[in-house]
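Asks: Can you make the complete structure from the sequences, with help from the hints?
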Amino acid sequence: IGPANKATTARAVVSVSGAGLGTADYSASGMLAGSAFESSVWRSDTSILVKVPAGVRTSLRHALTAGEHSGTVTDSFSYDRPHATAAPRTNILTSQFFGVRVFAKNLGTSVYSPSSSIGGTAVRTSLSLWGSDTSLWCLVPAGVSIDKSMVITIAQNAGTREKLFSYDHPLLLTASPRNLVAARGRAIATVVSLFGGKMGTAGYSPSVRLGNTGATSSVWMSSSNVQCRSGAGWTTASAGVITIARTIGSLTNMFTYDAPSVSTIKYACAPTVGLPTSS
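This note's numbering numbers the first residue of the sequence shown as 20 and each following residue consecutively.
Calculated directly from the structure, the hints in this document are not laboratory data.
Some hints here could point you the wrong way.
Straight-line Cα separation of at most 16 Å, EDC-like style, residue types lysine to aspartate or glutamate; simulated pairs [unchecked claim]:
id : residue 1 : residue 2
1  : K182      : D166
2  : K124      : E181
3  : K124      : D152
4  : K124      : D99
Each pair of labels, with its calculated beta carbon distance range [as the list claims (entries may be wrong)]:
id : residue 1 : residue 2 : range
5  : D166      : S63       : 46 to 56 Å
6  : N110      : S241      : 20 to 30 Å
7  : R265      : F214      : 19 to 29 Å
8  : T109      : T77       : 50 to 60 Å
9  : T42       : R120      : 24 to 34 Å
10 : T179      : F214      : 52 to 62 Å
11 : Q175      : A264      : 26 to 36 Å
All C-beta atoms in this analysis are idealised placements derived from N, C-alpha and C, irrespective of residue type, glycine included.
Replies: Spelled out as structure tokens, the structure:
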């Protein structure tokens with residue numbers, strides 16, 4: 020068949036080449052994957068024109084009948100793969116399922132029970148409802164990260180759109196405690212709770228930086244709380260940064276370290292000239 024690939028709306032005229040189709044019009048007919056060609060016109064002993072019906076799927080076989088003889092060819096025709104083209108909303112909440120309409124191509128001219136997934140290799144299947152050949156509704160699951168791809172599958176025919184969806188970035192609001200103790204030149208390791216939102220509905224291995232120092236450990240507690248263990252530092256006002264699956268949230272002036280203080284002076288009385296020497 021030429022061309023061997025058509026849009027799902029099809030109803031296009033294509034040429035079918037073969038042999039033994041007769042030296043005159045013998046009312047040749049044919050079928051594509053069990054569906055009859057909408058019409059057919061004999062051209063020669065080696066060619067007929069047919070109108071392909073609408074449909075989906077790939078690697079379909081076709082059969083031709085001329086008189087009492089018939090022949091079949093496998094893997095001879097495919098319909099275009101479905102693929103998403105755009106979505107009115109491409110930013111999704113991290114903590115709940117969210118219904119969104121997706122515009123696409125080649126979804127078929129009737130309901131073919133489409134399925135879709137968000138997230139590439141870490142596939143999270145979403146519920147999908149066919150709307151037309153160019154749109155579907157899907158229920159996007161909770162998740163994290165950015166630039167998620169979308170895969171639409173209809174009758175074993177799958178197509179991918181890269182970087183269609185992103186989830187909200189994590190939100191930092193406050194920390195407890197907000198003042199970290201330092202001693203003998205290093206900060207005392209302290210468990211710090213970061214509070215906010217959009218931190219996901221499960222543990223996604225968050226990482227935390229307090230000022231210019233990475234936390235020695237961090238543990239997801241809930242969609243609004245991550246706990247970490249502080250490292251060393253000396254500053255009076257420092258930002259906190261949290262990273263969850265490539266999404267980043269930050270808050271300036273989130274915490275401080277204790278300011279240095281003087282506890283004792285070795286020489287209570289010192290000469291007015293020169294500097295004291297230590298023993």
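Asks: Hints first: check each against the structure and report whether it holds.
Replies: Do the hints match the structure? See the list:
1. K182 to D166: Holds. K182 to D166 sits at ~4 Å (cutoff 16 Å).
2. K124 to E181: holds, 15 Å
3. K124 to D152: With a Cα-Cα distance of about 6 Å, the restraint between K124 and D152 holds, given a limit of 16 Å.
4. K124 to D99: With a Cα-Cα distance of about 9 Å, the restraint between K124 and D99 holds, given a limit of 16 Å.
5. D166 to S63: 46 to 56 Å: holds, 53 Å
6. N110 to S241: 20 to 30 Å: holds, 22 Å
7. R265 to F214: 19 to 29 Å: holds, 22 Å
8. T109 to T77: 50 to 60 Å: violated, 28 Å
9. T42 to R120: 24 to 34 Å: Hint violated: Cβ distance 55 Å, outside 24 to 34 Å.
10. T179 to F214: 52 to 62 Å: violated, 37 Å
11. Q175 to A264: 26 to 36 Å: Given range 26 to 36 Å: holds, Cβ gap about 30 Å.
When each numbered hint is compared with the structure, violations occur for hints 8, 9, 10.
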